[in-house]
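With the sequences and hints as input, model every part of the structure.
Protein sequences, first through last, are from chains A and B.
Quick note: the numbering used here has the first sequence finishing at residue 625, numbered continuously throughout.
Quick note: the numbering used here has the second sequence finishing at residue 1340, numbered continuously throughout.
By construction, these hints were calculated from the structure, which means they are not laboratory data.
Be careful, since some hints might not be right.
Straight-line distance between alpha carbons at most 20 angstroms, and here's what the computed DMTMM-like set of lysine to aspartate or glutamate pairs gives [said to hold, decoys possible]:
#1 A/Lys-437 - B/Glu-1329
#2 A/Lys-293 - B/Glu-1329
#3 B/Lys-1319 - A/Glu-242
#4 B/Lys-1328 - A/Asp-271
#5 B/Lys-1189 - B/Glu-1043
#6 A/Lys-437 - B/Asp-1326
#7 B/Lys-1319 - A/Glu-294
#8 A/Lys-293 - B/Asp-1326
#9 B/Lys-1317 - A/Asp-271
#10 B/Lys-1317 - A/Glu-294
Small disclaimer: the values here were computed from a predicted structure and weren't measured.
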Amino acid sequence: MATNLAQKPTASADKHVPASLESVVIRFAGDSGDGMQLTGTQFTHSTALMGTDLATFPDFPAEIRAPTGTTFGVSAYQINFGARRVLTAGDQPDVLVAMNPAALKTNLEALKPGGTLVVDIGSFNSRTLAKAGYTSDPLEDGTIAPYQVIRLDITRMTLESVKEFGLSNKDAIRCKNMWTLGLMLWMYGRQRQSVVDWLKGKFAKSQQLADANIAAVNAGHAFGETAELAGDMSHSTVGRAEVAPGVYRTITGAESLALGLVAGSKLAGLDIMFGSYPITPASTLLHQLARLKEHGVVTFQAEDEIAAICSAIGASFAGSLGVTSSSGPGIALKGEAMGLAISTELPLVIVNSQRGGPSTGLPTKTEQSDLYQAIYGRNGDAPLPVIASATPGDCFEVAIEAVRIATKYMTPVILLTDGYLANAAEPWPVPDFDSLKPFPVQFHTNPENFSPSSRDAKTLARNWAIPGTPGTEHRIGGIEKDFNTGNISYASDNHQLMTDTRWNKVLGIADDIPLQEITQGDATGDLVVVGWGSTFGPIYRAVEQSRAKGLNVSQIHVRYMWPLPKNLGELLKGFKQVLVPEMNKGQFATVLRDNYLVDAVRLNQVNGQPFKVSRLNQVIAEMLA
Amino acid sequence: MNELSPQKLTAKDYATDQEVRWCPGCGDYAILKSVQKTLADLEADPANTVFVSGIGCSSRFPYYMATYGFHTIHGRAPAFATGIKLANPDLDVWMVTGDGDGLSIGGNHLLHVLRRNVDIQILLFNNEIYGLTKGQYSPTSRPGTRSPSSPGGSIERNLNPCNFALAAGARFVARTVDTDQKHMPEILKRAHGHRGASFVEIYQNCIVFNDGVFADFTDKKAAPERQLRAEHGHRLVFGPNNEKGLRLNRDKVAIEIVTIGENGITEDDILVHDETDALLAQMLVTLDGPDAPVVVGVIYCNQADTYDAGVARQVAKAKIAKPNADMKELLFAGSTWTVD
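Here it is as structure tokens:
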């Protein structure tokens, strides 16, 4: 956990000798028009370049521009950065930056008691207070008494700092986020150059805006350095994290997923045809891939979710790597087409960036409630492999693995990620592409005795002959096909055989994936916490802390959701209790219970927020009491 | 040319060994025959030819063509065809659909494949009924159609497929009749020669559930009186002796049916078909009234850039701009830092 800021020396001690902290959690909160996501990502970038480990949690509303000043229009960005391995965005912020009354109202409760509150008093007036639902001024009525408060008229100081550039009042006020960024960069000894470079690029077309924003950053920074804020002004630093040597960059899940898909396609020797329809929070992947045409990536923005997956399947039929991507509601629409890809045995990668459901649900909030849909959600007996990524960086490896399985076994593969992973950033050791093992696809080209349904005896994958190849002309479709000839067959025994074959082919993939490892702790014991997906960070930290307290607890984090690793059942039997925390109502627990008759205890949360380490610690302690 | 003829494929060479399973007397047999003949005439390479279909009677078509074929899911054939063309623009893709598949469940996809102008041939078999599900009314069924799902007669207004295609921005729209074995191959060859989405509506008789629904203009006896064969550069005339024709009523911007020799009408009054004229095309496909003929032939043909070519150009341009794009460079893009 982050060191409590209350324990460190204040600026009055000596502001030129920053105190060194192990880690800090900052939450930037403001109106959705205040640019808090930019403040957060730039702070993150600057922090990462200094070799500090970090994890982030962008938390923003579904509305693009909700009415100004309302609580539902508040956009926040939380970063946890530390001189040690950082796995979560932090349970409780040490510092809250509140740019208006609504941001204060919605975020103050999260702030650690005694934590630092930086508040823009320039945004507080009777109108904005009323809009946020305050009946009295929280700056005066004792609401903020438990915190160290830094009251700043950021609005006024920003306007002054950009006065010379002659911006409109609206444009000038919009520099507030950069002034604030400058101040926070000073408070934690972060470098400014990356922000300046970024602003120059962003406002390349307007020297005036570039200069004004840079001036705002510098003014905020200078304010921190020169202000006499006796006692309550922090100035501290967070050192470099002890991480493995190598070259690093920051990466979000969406970026790492895009890189992984391109890497996978190159290892397979195929071009990508990515068919997708815009949907939050999955669109970022479409945006990423649309810029990678020079790597043989074709992106197709289809007219709807169904056309998106169908175009990808068509492309796979014609010899590309078909990929489609969506979030829960869109994945539901793709269900019938997934069945066709299963029936025709074509490779396909389906990415699901999960969000809160059901129906439209919570588009910008994270959840992992599409596991049932992924494993079971199609008509007929329609098995397909499902894999899940645990961290933003992990999306890279998981994407490559999805491509490998899809092409080797001629099957659609569902890759589960979520809104949190898609947007969250972390430092990422850039992988050595040359060390990755290629898995080149061999198209079938021999016309002799050709049948589209002849199979590899071991993998049960059918051959892949593509249009344009002389002598292997064939027809495929969703009607049941004869096991030997591939022609339409309604024969009852044949349907039994084909259903069994499809089933065994997917289950057989369990022989081709790594055995499940104990992620942390002993291989047997009193309690194992089993997780999957983006709960990795909080569970890891909680198990680590519980073990440090002497509790007999281990962690298993699962990547291969279907088929499950062959040894998973045995591993679970080595523990007296099994706890499965999930951001759903207990879907993986159902799968584990069904497959292993194990008494998996559910711990569920669907409030759109990642698990808090403290809550996991508490449940672990209770189960071992 | 004779010395090459032993290599030349015949219509039969484009047929598979699969038993054709349409009802005896179904119009689809005639269309299948026409398509196979067309491919033979075009000397189409079976290895480079793909037939894509959705669901319905018409959509069984690919199983009977000795080319590559994909029988997909209901209504979505345009999306599969688009993906195939994006993966390999050199493939010659034919899409087969029906009035239910293409205009009801798949209406959205048909709209967009036409709008994007993906370079494929689209054959829409219109029999104004759902055949495979046993005879319910379809979006092209005329109002009052009695069917198992509309015992009191259908209430909905019917859709005009060619008008739909034109409104969607199709650059090639044609009509033909299943049994017209001379006309159909000509139209299919024109569709094939057109670069872009070529939409062909084929009036197809469903002998079991909607027999004779087009008889008033397809029967041998009725055809001369009720069918007008549009040909680019020729006057829009019809009738047993080509004595009737279409004239533009300039006061109303409407087409009227006139008889040459009556009321001072001469041949010069008759409109000359211009297949590049979108407004004329729209008037021709929506001709209505007791005297109005059904216009068949190539009604609109006006080539434009295709979607698949545009996509391929962008990819090629990106590859020229970054000839050394490799995975390592991509992985190290942006700001990096080194930990020693």
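(Q) Next pair to validate is B/Lys-1317 with A/Glu-294; report whether the Cα-Cα distance is within 20 angstroms. (A) Between B/Lys-1317 and A/Glu-294 the Cα gap is close to 8 angstroms, so the pair holds against 20 angstroms.
Q | Pair hint B/Lys-1317 and A/Asp-271, alpha-carbon separation not exceeding 20 angstroms | A | 16 angstroms, holds
Q. B/Lys-1319 and A/Glu-294: Cα distance at most 20 angstroms?
A. 4 angstroms, holds
Q.
Hint check: A/Lys-293 vs B/Glu-1329, CA-CA at most 20 angstroms. Holds or violated?
A. With Cα atoms ~14 angstroms apart, A/Lys-293 and B/Glu-1329 stay inside 20 angstroms; holds.
Q | Holds or violated: B/Lys-1328 to A/Asp-271, with C-alpha atoms at most 20 angstroms apart | A | 17 angstroms, holds
Q. Regarding the pair B/Lys-1319 and A/Glu-242, is the alpha-carbon distance no greater than 20 angstroms?
A. Roughly 40 angstroms separates the two Cα atoms, so the pair is violated.
Q) CA of A/Lys-437 to CA of B/Glu-1329, is that 20 angstroms or under? A) 18 angstroms, holds
Q: Quickly compare the C-alpha distance for A/Lys-437 and B/Asp-1326 to 20 angstroms and report which way the hint goes.
A: Holds, because 16 angstroms separates the two Cα atoms, which is no more than 20 angstroms.
Q: Please work out if A/Lys-293 and B/Asp-1326 have their alpha carbons no farther apart than 20 angstroms.
A: 12 angstroms, holds
(Q) With the threshold set at 20 angstroms, check whether the alpha-carbon distance from B/Lys-1189 to B/Glu-1043 stays at or below it. (A) Judged against 20 angstroms, a Cα distance of about 11 angstroms means the pair holds.
The structure does not agree with numbered hint 3 stated previously, though it agrees with all others.
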